[in-house]
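We have chain A; now place chains B and C onto it with these hints.
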Amino acid sequence: MKARHDPICLFEFGASKELVLRFKDDVDLVQSITEVARSKGVKAGTFTAIGALKSAKLGYYDQRSHEYREIKIEAAMELASCTGNISLKGGEPFVHAHAVLSDEKGNTRAGHLLEGIVFAAEVHLTQLEGPGLERRYDKVTELMLWVME
Amino acid sequence: MKARHDPICLFEFGASKELVLRFKDDVDLVQSITEVARSKGVKAGTFTAIGALKSAKLGYYDQRSHEYREIKIEAAMELASCTGNISLKGGEPFVHAHAVLSDEKGNTRAGHLLEGIVFAAEVHLTQLEGPGLERRYDKVTELMLWVME
Amino acid sequence: MKARHDPICLFEFGASKELVLRFKDDVDLVQSITEVARSKGVKAGTFTAIGALKSAKLGYYDQRSHEYREIKIEAAMELASCTGNISLKGGEPFVHAHAVLSDEKGNTRAGHLLEGIVFAAEVHLTQLEGPGLERRYDKVTELMLWVME
Chain A
4 MKARHDPICL FEFGASKELV LRFKDDVDLV QSITEVARSK GVKAGTFTAI GALKSAKLGY
64 YDQRSHEYRE IKIEAAMELA SCTGNISLKG GEPFVHAHAV LSDEKGNTRA GHLLEGIVFA
124 AEVHLTQLEG PGLERRYDKV TELMLWVME
Chain B
4 MKARHDPICL FEFGASKELV LRFKDDVDLV QSITEVARSK GVKAGTFTAI GALKSAKLGY
64 YDQRSHEYRE IKIEAAMELA SCTGNISLKG GEPFVHAHAV LSDEKGNTRA GHLLEGIVFA
124 AEVHLTQLEG PGLERRYDKV TELMLWVME
Chain C
4 MKARHDPICL FEFGASKELV LRFKDDVDLV QSITEVARSK GVKAGTFTAI GALKSAKLGY
64 YDQRSHEYRE IKIEAAMELA SCTGNISLKG GEPFVHAHAV LSDEKGNTRA GHLLEGIVFA
124 AEVHLTQLEG PGLERRYDKV TELMLWVME
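Chains as they are written, first to last, in my numbering: chain A, 4 to 152; chain B, 4 to 152; chain C, 4 to 152.
Worth double-checking, as some hints may not be accurate.
[Said to hold, decoys possible] List time: in silico EDC-like cross-link candidates among lysine to aspartate or glutamate, alpha-carbon distance up to 16 Å:
| no. | chain 1 | residue 1 | chain 2 | residue 2 |
| --- | --- | --- | --- | --- |
| 1 | B | 43 | C | 15 |
| 2 | C | 75 | C | 95 |
| 3 | A | 60 | A | 106 |
| 4 | C | 75 | B | 106 |
| 5 | C | 142 | B | 15 |
| 6 | C | 43 | A | 15 |
| 7 | B | 46 | B | 15 |
| 8 | C | 46 | C | 15 |
| 9 | B | 142 | A | 29 |
[What the hints assert, rightly or not] Partial pick of chain B residues on the chain A-facing surface, computed with a CB cut under 7 Å:
| no. | residue |
| --- | --- |
| 10 | 10 |
| 11 | 14 |
| 12 | 15 |
| 13 | 63 |
| 14 | 66 |
| 15 | 69 |
| 16 | 86 |
| 17 | 88 |
| 18 | 91 |
| 19 | 114 |
| 20 | 140 |
| 21 | 144 |
| 22 | 147 |
| 23 | 148 |
[Stated by the list, open to error] One-sided and incomplete, this derived list gives chain B residues near chain A with beta-carbon spacing under 7 Å:
| no. | residue |
| --- | --- |
| 24 | 11 |
| 25 | 12 |
| 26 | 13 |
| 27 | 49 |
| 28 | 64 |
| 29 | 72 |
| 30 | 74 |
| 31 | 101 |
| 32 | 103 |
| 33 | 111 |
| 34 | 112 |
| 35 | 113 |
| 36 | 131 |
| 37 | 143 |
| 38 | 146 |
| 39 | 149 |
Because the hints were derived from the structure by calculation, they are not lab data.
A quick note: this is a predicted structure, and the numbers were derived from the prediction, not measured.
Cβ coordinates follow ideal geometry from the N, Cα and C atoms, glycine included.
Isolated chain A (complex conformation) (with noise of 0.2 Å):
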């Protein structure tokens, strides 16, 4: 479990479950895998989607004021590429997604994935089973990161 890089956070996992989850229209994504997350015991995991979103808003983090900036993109997008995990925050399932949106051009948009209202969504969700992966207050960068006990 102790990582023999002190920057390193490692945590070990062992078998693990496939979920495969179609979202349908008018649901939020970040909400609905929290949701799916809550109703299966999902404590760890990581998950890509793909698809097409009615709108979203996208975080981008200033690494200076460390404060989200919030981008609110008001059009129907591609869900071109969406990484994510899911680990526990204050006890509940806390999901942490990033995003790459298209639009009708090609053109692309992405970041933090703060909201995203689904016209189809397809989700591959990797149930993790091992240590428990808690979000707490990191002061170098004033997030919820992952910590080693």
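Only chains B and C this time, still in chain A's reference frame:
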């Protein structure tokens, strides 16, 4: 097998096999993954790919007219991201993939990957074992999507 | 082990271990994954990462001149997507990763990830068990690629 939340179709899979593939130049990435799925009997799966393409056709689905718009990329591009899945359509393996491409300045184009002529490609495909993942016509989106039976 | 289709090299893997990693600020993402692979004995693997970078060097491989062009990103960027694999090169673990980065407006830059100085990074690495995945010189592309023996 039944999702607790109405807007979510959830399919659970067990053991899986991991395939790592290299595609040589001039093959189509989408067709080649389809051929591997057919030859290895993959009825459900998920994959990622990186590499470089000689040319590509991307798609954007117009959420109002319900028609695909084709974006032709007649340039050598890095395959910066590619995420996709394999399921059945009319009983045959069907590949659904999205991709982000990048040019010599790092500028990007992205969307549904209709065709990608390979310069070099490395694919990681996870074969899933479990329930049938069959695409059927969805009235709301006019797309072929997964339905729980 | 032999692929049915000539243009495809197919490697089959069995059981796998799942590693979840957090990298702390100021390490290089590519080097850190290489170090984890070395310390954990990962000879074949695949990973995704999300987070934020302080700076990065992206690569674009010129398919005509067969030379890498380097794209320097001297700005704090979200790591919107990162997909990669681990295999052997000269008997040592070698990381091949592609990434999509995004700025405060959600605009993107992408390519082969040569270097990524971490602000915060969360990595999911799947260790694969099976045949040797060794990179060798490929005449067609002048890249180091996987070959079936």
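So, going through the hints one by one against the coordinates:
1. 43/B with 15/C: With Cα atoms ~11 Å apart, residue 43/B and residue 15/C stay inside 16 Å; holds.
2. 75/C with 95/C: violated, 27 Å
3. 60/A with 106/A: This hinted pair holds, its Cα atoms lying about 15 Å apart.
4. 75/C with 106/B: holds, 14 Å
5. 142/C with 15/B: Answer violated: residue 142/C to residue 15/B is near 43 Å, above 16 Å.
6. 43/C with 15/A: holds, 11 Å
7. 46/B with 15/B: The hint holds at about 14 Å.
8. 46/C with 15/C: Within the cut-off at roughly 14 Å; holds.
9. 142/B with 29/A: Distance of about 15 Å is within 16 Å: holds.
10. 10: At 4 Å from the nearest chain A Cβ, residue 10/B passes the 7 Å test, so the hint holds.
11. 14: holds, 4 Å
12. 15: holds, 6 Å
13. 63: holds, 5 Å
14. 66: Check passed: Cβ of residue 66/B comes within 4 Å of chain A, closer than 7 Å.
15. 69: violated, 11 Å
16. 86: holds, 5 Å
17. 88: holds, 6 Å
18. 91: Violated, about 12 Å.
19. 114: holds, 5 Å
20. 140: violated, 13 Å
21. 144: holds, 5 Å
22. 147: violated, 10 Å
23. 148: It holds, given that the least Cβ distance between residue 148/B and chain A is near 6 Å, below 7 Å.
24. 11: Given a least distance of 6 Å, the restraint on residue 11/B holds.
25. 12: holds, 4 Å
26. 13: holds, 5 Å
27. 49: holds, 4 Å
28. 64: holds, 6 Å
29. 72: Holds - the Cβ of residue 72/B comes within 7 Å of chain A, reaching about 6 Å at its closest.
30. 74: OK, holds: residue 74/B within 7 Å of chain A, min 4 Å.
31. 101: Constraint on residue 101/B satisfied, holds at 4 Å.
32. 103: Holds. Min distance 5 Å.
33. 111: OK, holds: residue 111/B within 7 Å of chain A, min 5 Å.
34. 112: At 4 Å from the nearest chain A Cβ, residue 112/B passes the 7 Å test, so the hint holds.
35. 113: Hint on residue 113/B: holds, closest Cβ of chain A at ~4 Å, below 7 Å.
36. 131: holds, 5 Å
37. 143: At 6 Å from the nearest chain A Cβ, residue 143/B passes the 7 Å test, so the hint holds.
38. 146: Check passed: Cβ of residue 146/B comes within 6 Å of chain A, closer than 7 Å.
39. 149: Constraint on residue 149/B satisfied, holds at 5 Å.
Consistency note: the structure conflicts with the earlier hints numbered 2, 5, 15, 18, 20 and 22.
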